[in-house]
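2 protein chains.
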Amino acid sequence: MTATLVDLKQMGAAAKSAARKLAASDSSVRNAALEAIADGLVANEDRILAANQKDIAESRAVGLDEHVIDRMVLNHDRVVAMADACREIAALPDPIGNVLEERTMQNGLDIKRVSVPIGVIGVIFESRPNVTIDITALCLKSGNGAILRGGKEALGANLVLAEIARDAITSVGLPTDCVQFISTTDRSIVNEMLQLDRYIDLIIPRGGAELVRFVGETAKMPAITGGVGVCHTYVDEAADVDKAVKIVTNAKTQRPTVCNAMDTVLVHSSIAGDFLPALARAKGMSDVELRVDGRALDLLGQIAEGARVVPARDDDFGTEFLSLIASVKVVDSMDEAMDHMTEFGSAHSEAIVTEDARTAERFLNEVDAAAVFRNASTYFNDGGQFGLGAEVAVSTSKLHARGPMGLREITTYKWVVRGDGQVRT
Amino acid sequence: MTATLVDLKQMGAAAKSAARKLAASDSSVRNAALEAIADGLVANEDRILAANQKDIAESRAVGLDEHVIDRMVLNHDRVVAMADACREIAALPDPIGNVLEERTMQNGLDIKRVSVPIGVIGVIFESRPNVTIDITALCLKSGNGAILRGGKEALGANLVLAEIARDAITSVGLPTDCVQFISTTDRSIVNEMLQLDRYIDLIIPRGGAELVRFVGETAKMPAITGGVGVCHTYVDEAADVDKAVKIVTNAKTQRPTVCNAMDTVLVHSSIAGDFLPALARAKGMSDVELRVDGRALDLLGQIAEGARVVPARDDDFGTEFLSLIASVKVVDSMDEAMDHMTEFGSAHSEAIVTEDARTAERFLNEVDAAAVFRNASTYFNDGGQFGLGAEVAVSTSKLHARGPMGLREITTYKWVVRGDGQVRT
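Chains as they are written, first to last, in our numbering: chain A, -11 to 413; chain B, -11 to 413.
Extracted from the complex, chain A is given alone in its bound form:
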């Protein structure tokens, strides 16, 4: 049941117990559950869309931001896409039970390292209702229980989606409670979730910087934090200016509300005079506000058309804008650019544009981030783009998983040792 009066502990205990059965289930049964969810989504499209439209109407009535509402919208194509995602995940190889490493020791012990589910994964997310299905599908496939907490604005659709998922799980004979959705909208529930280390093995906050920081610091269980990207692109003195303009424009404007969107351009002083005016005049940049440091302002002061140019304040560096704003700083060396990234970045996605291979290799080697790019847009930091398939989150943690988290990243392993009476002396 997706209870409205939440007894979180009871929910946790039920998820833990169900997850143990799920972990021991055959992959064909887990895949059948995913197919059943896909069928359920298609069969219940009208209910899903009706609930979604109600959510949207209520959100508009309370004056929610249009860009948040934009992310909530479901339609026929999006329901089909959710169903397709379930079927695609079903078709992937089983991520658990794989022998990752194997050896026979001199004493005859057979030692295998085998992939296993993590247990119960808690995910806290925001407005997009499709996340409910994506995470349910990835957790089911990988034998993990899931406790989901979505944004309150999308609650109506989320409850319908969770019910469809749970009905499908039940229909194939798996324990219904391996997926549970928290239906209370009381914010204090998040704090309570973070105490439940007995039942939740991993917590993943997907949301704003404040939520991510709070969860990282507060959770008693391990947390993989993601979704916050303060991303830089360094335009080197040996950059191809046309490429640099194209890459920066793409990284900033293609989807400004996502975590891999670029926030800050660092440009080498010897090329800034060519690059910055070209950037400011680029067609795709016309809606972007450039918050520029003093040296960039000198170079851009005369640009009347194209991008809007304003002087940067200190806090424009190190900020994730999530909108059509970019900060710009002129630097005198790659070292200065890398130091800036270390100080202001979130180790998410950092790029260099340069034709100089040695410079590029030094950058790729020395910059410490989940993903580093040469001559490509930071917007590529994504499970699908990296060939991993659907993702749970993009991790900026350094432990366990870094960057896009697909199926493998929500598994762990155990050592399985088979002997014949061996003892250690």
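Rather than coming from a laboratory, the hints here were simulated on the basis of the structure.
Please note that the accuracy of each hint is not assured.
Over 10 Å on every C-beta distance to chain A, these chain B residues come out as not near it, computed from the model [as the list claims (entries may be wrong)]:
hint, residue
1, I57
2, E225
3, N238
4, R283
5, T307
6, H328
Below, a sample of chain A positions facing chain B; criterion: calculated Cβ distance under 10 Å [to be verified]:
hint, residue
7, L97
8, K386
9, V405
10, G407
11, T413
All C-beta atoms in this analysis are idealised placements derived from N, C-alpha and C, irrespective of residue type, glycine included.
Position chain B relative to chain A; hints supplied.
Showing chain B alone in chain A's frame:
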């Protein structure tokens, strides 16, 4: 400098900066540092042993437990062993810079997942001074900075060892501060360490259950907790009694003070009448106190010789004894045994003794622990025994590393993407 007046933040900042240089260093230089440490240990044996003898004398004077003092003792052989460990680690393959995964996408992007150091690793440990050298060597080899905090009883020897390591690091041109030892003995320093998430990327507590729990709950940075093992051996109805006696005796008595020592025997009721008396009479068990449940007591009540038998109290289950004590419980099924492990175990090392392959496979599949064993002693859960070489700790965390943590387990990865101007549409 191994400051006596610790400015932890300054130490952290220095370690972070040094670790960045270390990460970019050539593996030959890191290996040279390890060889130099080995040379330094051999050359300074007299100083090391003098400091150690002073530590021991002072510990005796304040009445420290003899088994703690026993763990502190250094001698010629142990100094040679530390030096050998450094040379062995130097000879291992470089754990960083390895391409773990690689693909070229249709758009031409070259995507590689590459192993990299974690950054700065904080380790809190207890009485054994050799840990200072082992962890220094593993961190250096893997390009990680290290901030070490050892037991106050072994401080004198630890400071000498840290100085030898730092001199060696300096001698090969690496930044001295990539290894730092906290010399203040004030306990509050641990709490301060746990706040330093800006400088310490991973904290590893090696010590008692209380320390491990405190660090896991308090640390702002990710923690990998280890070193606490409440380990069970389930003697199945289809067990070979001789093997079971041998395995249980080894797991309990070979080295009772370590985390992989067995704490509790669960025995199937249909074999308990054969097994328990044989265990109690086994030669190696004569010094072991068996704390047994009511059914076991009925079976063992007549045993006058051999092991001491006393009735178990509730808290004898779920306790890590770290001494020659074992609790014993009779169960009626493997499911009951597995449920007991879930409830009372610490997911460290769990074993089954059985000749029935299907039963064994179910156990190995369903029990969720860092290492699961069939017909072998839990005492095998160790990096060396698993063929991993030296270990930093034995992790009971589920994320990132599980079981013995060798070099690979103190690395992470980053995604390195090489393009030619690609943008994402």
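Hint by hint, here is what the structure shows:
No beta-carbon of chain A comes within 10 Å of the beta-carbon of I57/B; the shortest separation is about 25 Å. Every Cβ of chain A is farther than 10 Å from the Cβ of E225/B; the closest lies at roughly 17 Å, confirming the non-interface assignment. With a closest Cβ-Cβ approach of about 3 Å to chain A, N238/B is found to fall inside the 10 Å limit, against its non-interface label. Here R283/B stays apart from chain A, with its beta-carbon at least about 26 Å from theirs, past the 10 Å limit.
Every CB of chain A is more than 10 Å from the CB of T307/B (nearest about 18 Å), matching its label as outside the interface. At roughly 14 Å from the closest C-beta of chain A, the C-beta of H328/B stays outside 10 Å, upholding its exclusion from the interface. At its closest, the beta carbon of L97/A sits 6 Å from a beta carbon of chain B; the interface hint therefore holds under the 10 Å criterion. For the restraint placing K386/A at the interface with chain B, the shortest Cβ-Cβ distance is roughly 5 Å, inside the 10 Å limit, so the hint holds.
Interface restraint check: V405/A against chain B, minimum CB-CB distance 5 Å, threshold 10 Å, status holds. For G407/A, the interface hint holds, the least distance from its beta-carbon to any beta-carbon of chain B being 3 Å, beneath 10 Å. Look at T413/A: its Cβ gets to within about 7 Å of chain B, closer than 10 Å, so that hint holds up.
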